[in-house]
Amino acid sequence: MRARLDERVRGVIARRGFSDLSEAQEQAIPPILEGRHLLLIAPTGTGKTESAMIPVFNALLSADGAGIKALYITPLRALNRDILARLQWWCGELGIRVGVRHGDTPQNERRKQALNPPDLLITTPETLQAMFMGRRLREHLRTVRHVIVDEVHELARSKRGAQLSVALERLAVHAGEFQRIALSATVGNPGTVARFLCGDRPHALVHIPVAPHLEIAVEFAGEEFAGQVKTVATRLDRHPSTLLFVNTRVTAEALGHQLYGRGDVEVHHGSLSKEVRIDAEERFKRHELSTLICTSSMELGIDIGHVEHVLQFGSPREVARLVQRVGRAGHRIDAVSKGTILCTGFDDLAESLVIARKAKANECEEVVLQHHAADVLANQVAAMAVEYGELPLAAARDIVERSACFAACGVLLDEVCRQMAVHRLIRFDGERIVRTGRSRVYLAANLSMIHDERKMTVFDIVARRTVGTLDESFVVAWIHTGAVFITKGQQWRVLDIEEGGRIMVEQAKNARGELPSWEGEQIPVPFSVAEEVGALRRTRDPGPYQADAAARAYLAGMVGRIDAEGLPLPTDRQITVEQADEGVVVNLCAGHKANEALARVVSSLISARSGSSVGIEVGAYRIFFRLPPTLGAHDVADVIASLEPDHLGPLLTLSLKRTALLKWKLVQVAKKFGAIDADADSTHISMHRLIDLFENTVIQREALRELFCDAMDVAGAAAVVRDLREGRRTLVTGRLSILGREGLFSSKDLVPPPAYDQAVIGTLKRRLARDHVVLCCMHCRAWKMKTTVERVPDVPECPVCGARLIAAVKLWEEGAIAAVKKKTKNEEERAAEQRMLRNANIVLSSGKKAVIALAARGVGPEIASRILGTFAEGDAFYTEILKAERNYVRTHRFW
Amino acid sequence: MNPVFLPEGPALVVEGRLRVLVVADLHFGAEAEFARRGVHIPSNSAGRMERVRSCVEAADPDLLLLLGDVKHSIPFTNRQELRELPAILAALRRLAELRVAPGNHDAGLERFLADDELLPKDGAVIDGTGYLHGHTAPAASLEGRLLVVGHHHPVVHLHDDVGCALRAQPAYLLAEIDGACFACGASTAPTRALFVPAFFELAGGLDVTTIRASRMSPLSRCIREEGAEVFLSDGTYIDSLEGLKRTAGESPAR
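Listed in order, the protein sequences are those of chains A and B. Numbering-wise, the first sequence is residues 1 to 895 according to this note's numbering. Numbering-wise, the second sequence is residues 1001 to 1254 according to this note's numbering.
Next up, chain A with everything else stripped away, as it sits in the complex (with noise of 0.2 angstroms):
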């Protein structure tokens, strides 16, 4: 095959090094040669680039003229720095020129780029759209021959991806049809990849196995914080250089702060600076360092040198995490990647045990494109008015359904340029799309699918300082003037939100459980992982997995503890549902994603039943229901029992109105469509009015689908309520386990009642509960008690005669009382009297629900006759209440 490169290139990768070819290389280069377009998913460590980039630099040594010959697209700005060292020292040797732009390319070197552009250009999906924006660049684009996208995985699962491939299309138009490579770590559906890299065109596909290259094991750590520190300590002693991943940012830096003290230790991950994390890769490089503690962002092909082992602190959550992750541990090219993780809990070790089993058989999540998504279609458009200045609809059409993620859009795209128009991006008149003023202003800013969080500083003005920022996406979603939220481990609550976008808070204690959160950085575990979870909980075979002696000793001991309880077990085919103090749990081993859908679904139709708002919080074994002091485990379960599979989706739907989650993604997604500029200024303004305008529209409907595809999953959830219906699974109650007890969970929010006259009939229920009234016996007279509504009997009883005759008087009337006890009565007092009878009447004969009745205002015996005369129970008899009430108001002169 070497025979087929030009001796140049052989001569190049003699003096690399390189005396065999990896297996990666030898199968991929041959199809690039032959101009085929291809998907190399292989793991890291395998030479991936070169596979491209040899036979690239082999056409390029051919081409010649002005123009950029080939584009290198990397999702990350990191990578750019050690592709192009690499590729730097292949193309000098070469003779090929190649050039660096993204965002932080200094101003003179993007115009030595534009006056002399480069052979090979390495760049972000962000600046490929830029470059359309310029007259000069899109004339150097036109002389593309071969395209290739690292880390394609990435890219294909996200927004991002689908812009960039409609980004592909367009510059087919100017380029003519480029050859197409793409570099992939190992997924579980290669060929749904190579759609998103090449629409329909015929590809090859080079598939590297990952899993004979893995060695994989799983230890438990510990329960306790500090004991698990002691764990990871040991085991980095046993390996010259360690990558020591963990999930979080907070966790790095807790681990982080435990470990400096070896002196070789250092943190890594997105939210520190750049020379932060050059400078630790750097030195990690050179030995310096012995251990890096990182999150995903080290995931990526960074090259830091050797790394001896992995270490995964906690369970990687997905497979395909724990196989990029491992992946980076390794000698050289083909050799065996080594890795532990090290558990920190009995889920954490179930999990971990069972995402290994998957690695070393392959069974590697899927990756699920963004279908359709409107609001990048919304961006495309505006970027081709921007390139084209005006042009058809139709030609816009050809060019966006070539992508896999538009294919057939069809109407979607007309309603798409119609909303972009009411926003005034374009102007469209069913045929043309026009840009105006707005869209490159638009377009400079919207450049990238990412969302880019505004931050609002939260100022107490009790301390008069800053205590920290919010996401302006969290405050329109949640925040209004009497909202509590937690940050820095404490609760406040908002006074004002000041022009200019400051939010004044003061100090909240002991305030309700009102605070939604989603952790973005939180990896949600899959419905397949945590049902087999469920079934090692169930089965307590460790045999399929590679569980060391300690780790066993571990599971048997909880198991042990979980038995002893004698409560029933959630596993994959049980389901259980405990009362807790707060609220109920729900054990079921679903995964984060279809727990969601379902937690949703349920609060949705408790808070329709029950007029109360419910709070839920989500993780992939349990849910936790947050419920007024009414409800508990038997009203979740009967729900749960009602449920049918078909109508989780409309419901779900339903259920997400007026909930911070769906505020929060529309919020976004307007802003992709021009209705809200990246830097809006939105105090005095109602957002979350505001927002309404955008139901039943497209924007809305992108919001929905947005969160089906990545925040929910309804097909798990039917599957388990099918489940359920057909007997595979089945529902327990009991009270609160073991299990349920050990709550981590990963997302929070609160649904409302969905009807505006529940919440308001709500709020009266729990006025009169709290009212008082004035109890007297029209028996005996000789008895009377101040009590509140809800203290009230259901039958009232004189505790001095027995008699049931008991008059219930607002505060205010208890003058009357004192005259009804007098011998001899004037008129006016007799009045009253006969009042007082009327009203003990109606209490013997209704009971409680008369003095509910009498308790409300402007309402007294005749009118409270009235109401209970209509037989009207539960919400409708507060309605009545509520009725007459407002009658009153209408009609009193005591304006």
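Heads up, some of the hints might be wrong.
Said to hold, decoys possible - No farther apart than 27 angstroms at their CA atoms in a straight line, the calculated lysine-lysine pairs in the DSSO-like style are these:
1) B/K1245 <-> A/K810
2) A/K509 <-> B/K1245
3) B/K1245 <-> A/K883
4) A/K786 <-> A/K821
5) A/K748 <-> B/K1245
6) B/K1245 <-> A/K786
Claimed, not checked - Stretches of chain A that chain B covers, calculated by requiring three or more beta carbons in the stretch to come under 8 angstroms of a beta carbon on chain B:
7) 469–483
8) 621–635
9) 747–761
What the hints assert, rightly or not - Here are the computed distance ranges between Cβ atoms for each label pair:
10) A/R609 <-> B/A1213: 32 to 40 angstroms
11) A/D646 <-> B/L1082: 51 to 59 angstroms
12) A/D104 <-> B/G1108: 43 to 51 angstroms
13) A/R791 <-> B/A1213: 31 to 39 angstroms
14) A/R136 <-> B/L1082: 52 to 60 angstroms
15) B/L1082 <-> A/E253: 54 to 62 angstroms
16) A/T787 <-> B/S1214: 31 to 39 angstroms
17) A/D471 <-> B/R1037: 16 to 24 angstroms
Honestly, the hints are just simulated from the structure, not real lab data. Note that beta-carbon positions come from the ideal geometry of N, C-alpha and C, so glycine has one too.
Following the hints, put chain B in place on chain A, whose structure we already have.
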């Protein structure tokens, strides 16, 4: 007087010897201002006018009283307003006899109004009830009466045992006003104010429980919170102000 609440506004009919339909804080022209701030939506002036028209039809009033902030941009009149206002006011005049209590956003509005239509900005008494936009201290003649006040955009958040069940509903706040608000404080009868919600559908709102603390106007600073009451836009009595504050600050029931 007797109030009639029109939730479809929200608007209020004050029934005495005269029927006065009160519409506060219309903010025509706001969409142009929004665009400058980065929010791009089409003008809803036509829709808003339609809502006013339907309130007038329902109320059949003797007077249509616009309680200030008829237009939006301070300090000048923007292009959208210049284009729309004359036609809007003409259309309103056709519906009913017009009175305007000018608000802080209404600078420049006078040129579109007839002399007898414009009321003094610190308030006027019509049929025994006082009316003012609410950004100024009230005139002496308003003391001891019921004042109908705009400007504050009152809203109420309803909470239940678990959380916020209904957010930012337009609301009415009825409260006694401290005599200190008036220069001479001569009256023996208490002055009460009925703060009415904004008609403008996208108006940012001020939580009724925070109006006094906000100190946003002379009147707001003089609110007596004991005995104050809160109503929804359809006249439903929600609770006393103190009751609402208590519910908002309460810990969970369990």
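Hints, verified against the model:
no. : hint                                   : in the structure
1   : B/K1245 <-> A/K810                     : 22 angstroms, holds
2   : A/K509 <-> B/K1245                     : 14 angstroms, holds
3   : B/K1245 <-> A/K883                     : 24 angstroms, holds
4   : A/K786 <-> A/K821                      : 17 angstroms, holds
5   : A/K748 <-> B/K1245                     : 25 angstroms, holds
6   : B/K1245 <-> A/K786                     : 24 angstroms, holds
7   : 469–483                                : holds (count 4)
8   : 621–635                                : holds (count 4)
9   : 747–761                                : holds (count 7)
10  : A/R609 <-> B/A1213: 32 to 40 angstroms : 37 angstroms, holds
11  : A/D646 <-> B/L1082: 51 to 59 angstroms : 55 angstroms, holds
12  : A/D104 <-> B/G1108: 43 to 51 angstroms : 48 angstroms, holds
13  : A/R791 <-> B/A1213: 31 to 39 angstroms : 33 angstroms, holds
14  : A/R136 <-> B/L1082: 52 to 60 angstroms : 43 angstroms, violated
15  : B/L1082 <-> A/E253: 54 to 62 angstroms : 57 angstroms, holds
16  : A/T787 <-> B/S1214: 31 to 39 angstroms : 37 angstroms, holds
17  : A/D471 <-> B/R1037: 16 to 24 angstroms : 19 angstroms, holds
Checked against the numbered hints above, the structure breaks only hint 14 and satisfies the rest.
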